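Start from the sequences, fold in the hints, and give me the full structure.
Chain residues, written in single-letter form:
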Amino acid sequence: AQSVSQHNHHVILSEAASLELGCNYSYGGTVNLFWYVQYPGQHLQLLLKYFSGDPLVKGIKGFEAEFIKSKFSFNLRKPSVQWSDTAEYFCAVGWADKLIFGTGTRLQVFP
Amino acid sequence: DSGVTQTPKHLITATGQRVTLRCSPRSGDLSVYWYQQSLDQGLQFLIQYYNGEERAKGNILERFSAQQFPDLHSELNLSSLELGDSALYFCASSVGATRDVETQYFGPGTRLLVL
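Going down the list, the protein sequences come from chains W and Y. So the first sequence is numbered by our numbering: it starts at 1 and just counts up by one. So the second sequence is numbered by our numbering: it starts at 1 and just counts up by one.
Since the hints were derived computationally from the structure, they do not count as laboratory data. Please note that the accuracy of each hint is not assured.
Using 25 Å as the maximum straight-line C-alpha spacing, the simulated BS3-like pairs for lysine-lysine come out as follows [to be verified]: (1) K58(W) / K78(W); (2) K57(Y) / K49(W); (3) K69(W) / K58(W); (4) K78(W) / K49(W); (5) K57(Y) / K98(W); (6) K71(W) / K49(W).
Computed from a predicted structure; not experimentally measured.
Structure follows, in structure tokens:
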């Protein structure tokens, strides 16, 4: 069965540290890729998405993600995190009218 | 605020009971999706409706059913509840029908506790 893996379940950082959250998937064909974020007490919302073109995608709030086809990866990055980035981050992979979410990574940023 | 509303926010019930969760999509969105989020299984897709018709089914139990009404709001019915059904249930909506390309807008969720 196709799967989406987010290996980091819980990440703890200090403000200004750099962030990279991993996302790997198992489907070998063309995929569409998403990162969603859920801030404490709020709904999930789209952070960024990739369908085609430049594999480096910029999203809201200074986040970016890089699609590396050979590694089946779509890692989320931010050069300098803020306390307000504390949230749960979900990677989602879509293909052939399906969408699968990863199990999420909880990020805690301390001042 | 995503524009998607869900009621109730919290629900506590007993095993064997039946509950109904309600979702109103964003204005103009024709698709409604239901997800179950539990600690050990992440966000699991249950079912999708598009413009009143069932479009896709995921890991939805036979004890669960859903429908989308002419005004496009949707209800998820959970019956013969078990302890393991305790979870956060999210509704999401999108303009179009194709799951792998649509941006989904999520509601705040309904937290169900089965005692």
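The hints, checked one at a time:
no., hint, result
1, K58(W) / K78(W), "10 Å, holds"
2, K57(Y) / K49(W), "24 Å, holds"
3, K69(W) / K58(W), "17 Å, holds"
4, K78(W) / K49(W), "15 Å, holds"
5, K57(Y) / K98(W), "10 Å, holds"
6, K71(W) / K49(W), "18 Å, holds"
Checked against the numbered hints listed earlier, the structure breaks none of them; every hint is satisfied.
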